[in-house]
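J.: Chains as they are written, first to last, in numbering that gives the first Met the number 0: chain L, 0 to 88; chain S, 0 to 433.
Hints in this document: simulated from the structure, not taken from any laboratory. Even glycine gets a Cβ: it sits at the ideal position worked out from N, Cα and C. The reader is advised that the hints may include incorrect statements.
Stated by the list, open to error - Partial chain S-side listing against chain L, Cβ under 10 Å, derived:
id, residue
1, Ile157
2, Arg237
3, Pro378
As the list claims (entries may be wrong) - Below 20 Å or equal to it, Euclidean Cα-Cα: the simulated SDA-like pairs (lysine to any residue) are:
id, chain 1, residue 1, chain 2, residue 2
4, S, Lys214, S, Val235
5, S, Lys168, L, Arg21
6, L, Lys2, S, Lys214
The chain contents come next:
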Amino acid sequence: MSKTINIIKEKRQVTEMAKQRRKTYADIRKQLLQALEEEGKTIPELATSTGLPIEDVTYYLMTMRKFGDVVTGSVDDDDAYFYYELKKK
Amino acid sequence: MPDTTETTNRFDALVIGGGIAGAEAALNLANMGFSVVIVEKDLSLGGKMIHLSKVFPTLDCSACITTPKISETARHPNIKIFTYSEVHDIKKLGENRFTAQIHKKPRYVKEDECTGCEACEKVCPVIVEDQFQFDLVGRKVAYIPFSIANPRVAAIDIENCILCGACEKACLAEAIDFTQEMEIIPIEIKAVVVATGYHLIDPVKLPNYGYSKFKNVVTAMQMERQLVPTRPFNTVLRPKDGKMPENIAYVLCAGSRDETVGNPICSQICCMYSIKQAQLIMGALPMADVTIYYLHIRAFGKGFNEFYLQAKSMGVDFVKGKVAKITEKENGNLIVRYEDVYKGKVKETEHDLVVLANGILANDGISEMFDGVKLETDPFHYVKQIDELANPTRTSIPGVFVAGAASGPMDIPDSILSAGAASSETASYIRRLS
Ligand code: SF4
Ligand code: SF4
Chain L
0 MSKTINIIKE
10 KRQVTEMAKQ
20 RRKTYADIRK
30 QLLQALEEEG
40 KTIPELATST
50 GLPIEDVTYY
60 LMTMRKFGDV
70 VTGSVDDDDA
80 YFYYELKKK
Chain S
0 MPDTTETTNR
10 FDALVIGGGI
20 AGAEAALNLA
30 NMGFSVVIVE
40 KDLSLGGKMI
50 HLSKVFPTLD
60 CSACITTPKI
70 SETARHPNIK
80 IFTYSEVHDI
90 KKLGENRFTA
100 QIHKKPRYVK
110 EDECTGCEAC
120 EKVCPVIVED
130 QFQFDLVGRK
140 VAYIPFSIAN
150 PRVAAIDIEN
160 CILCGACEKA
170 CLAEAIDFTQ
180 EMEIIPIEIK
190 AVVVATGYHL
200 IDPVKLPNYG
210 YSKFKNVVTA
220 MQMERQLVPT
230 RPFNTVLRPK
240 DGKMPENIAY
250 VLCAGSRDET
260 VGNPICSQIC
270 CMYSIKQAQL
280 IMGALPMADV
290 TIYYLHIRAF
300 GKGFNEFYLQ
310 AKSMGVDFVK
320 GKVAKITEKE
330 NGNLIVRYED
340 VYKGKVKETE
350 HDLVVLANGI
360 LANDGISEMF
370 DGVKLETDPF
380 HYVKQIDELA
390 NPTRTSIPGV
400 FVAGAASGPM
410 DIPDSILSAG
420 AASSETASYI
430 RRLS
């Protein structure tokens, strides 16, 4: 079957915003996956190790959790932040 | 009675809106034997209620009430449903009939073929804010709206699509169809039920509260999502830094009873949903303190005052005071500046999360769906009830009835009651025609 994507490609332009969104997610996902490779980390720890704004870490990490890249671990000693770990595949 | 004419586009009643009021009205009519077409603007039936955690004051699970009713509606042989669709050009044809056009927008997925397997979602490389989690997390551009969506069918958000084709390659059911275009479906009906609900006030329009600037100021719907089993985070957390909050404030009447934002009336539901959420938070985060800043607690319904007293006895702190301003500290905590009405003083208190109980507004644009006949609205843009006491579902157009919050702010039981009344009036109107 020929794919319908080829038909729409002739009619529609991909927006710069959409391209940027793909790139941002791919970049941030890669950074977070790398930062979690060794051990689980809390969101502030991830923000420190990646240098990303903390609200971006929360948003993208929770999105990755939704899509099964990351799982929630235990809570820290102050009962304030959870550790997040890579999902064992 | 079921329409026996040959064309499939003829129905007894058109129900505009597939939320809880629309579903109730449609089901009642269908169970009486009338043919009904529901037109829902969103990708799924269920309206606002399907996204809620529990209902007040019984704390019953909201989805457990909504989903069976929605499935019954979707499966009913007398009901035809158009989701992701809008109604235009409703015209009165003589005394007894209306014509209208349904504009069915392309979702780029064949509804009959999609199995809801999520394969397209998995491979899609683009993330945008998930509107069904009120932007707390992202969703893919190829996506199933939410887990209990009805229909549970994927959609492609074409504006954000990079046209990579990965979803189409991954879809074994061959359900993805990028050639879809807007379909215009003419219909003929005998009566119309307007069940278009309400929309929530955009808190960005309340600049003193810092919503969107301060990530730890959230809306009540964002908190509601954090309290459901399909929540965006693993528990109630601050969106800024993922910290478990210890000291949460509610700001009531955020955009209600407020002339400065053009909404001088009470939204009727915010006091009680805030009290409900406060109780649920105490269950989810037993160590957290919850403070509710209020002007008046309007606990007017059955069991509402007892529900309020229950929250008090659980330790929710009720402070009578108008919140004037919220500012953010470097650690993401928030300073709430308010007038303590009993003490007659302006005070400031620090909280680590603030929830705005943003009120509700009429869904505008309903009158524009009609052509040549005028659907009157009240001064607050809700559908005008022309005989509010004797026949509250009647509108300015004979044959057009209003159900639920399209006529004004109301809670879920009242919406269902109103939809019941609207369906009875619609049924007797159609019977009188024949
Ligand atoms: S569109 Fe295809 S891949 Fe996506 S959920 Fe439906 S059947 Fe699965
Ligand atoms: S074509 Fe669009 S929707 Fe499909 S996978 Fe690519 S970006 Fe996602």
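J.: Hint by hint, note whether the structure agrees.
T.: Hint check:
1. This hint holds: Ile157 of chain S has a C-beta 7 Å from the nearest C-beta of chain L, less than the 10 Å allowed.
2. Nearest Cβ of chain L to the Cβ of Arg237 of chain S: about 8 Å, under the 10 Å cut. The hint holds.
3. Interface hint status for Pro378 of chain S: violated, as the beta-carbon distance to the closest one in chain L is roughly 39 Å, over 10 Å.
4. About 14 Å separates the Cα atoms of Lys214 of chain S and Val235 of chain S, which keeps this hinted pair within 20 Å; it holds.
5. Using a Cα cut-off of 20 Å, the hinted pair Lys168 of chain S and Arg21 of chain L holds, with the two alpha carbons roughly 18 Å apart.
6. For the hint pairing Lys2 of chain L with Lys214 of chain S, the CA-to-CA distance comes to about 42 Å; that exceeds 20 Å, so the pair is violated.
Checked against the numbered hints given earlier, this structure breaks hints 3 and 6; the rest are met.
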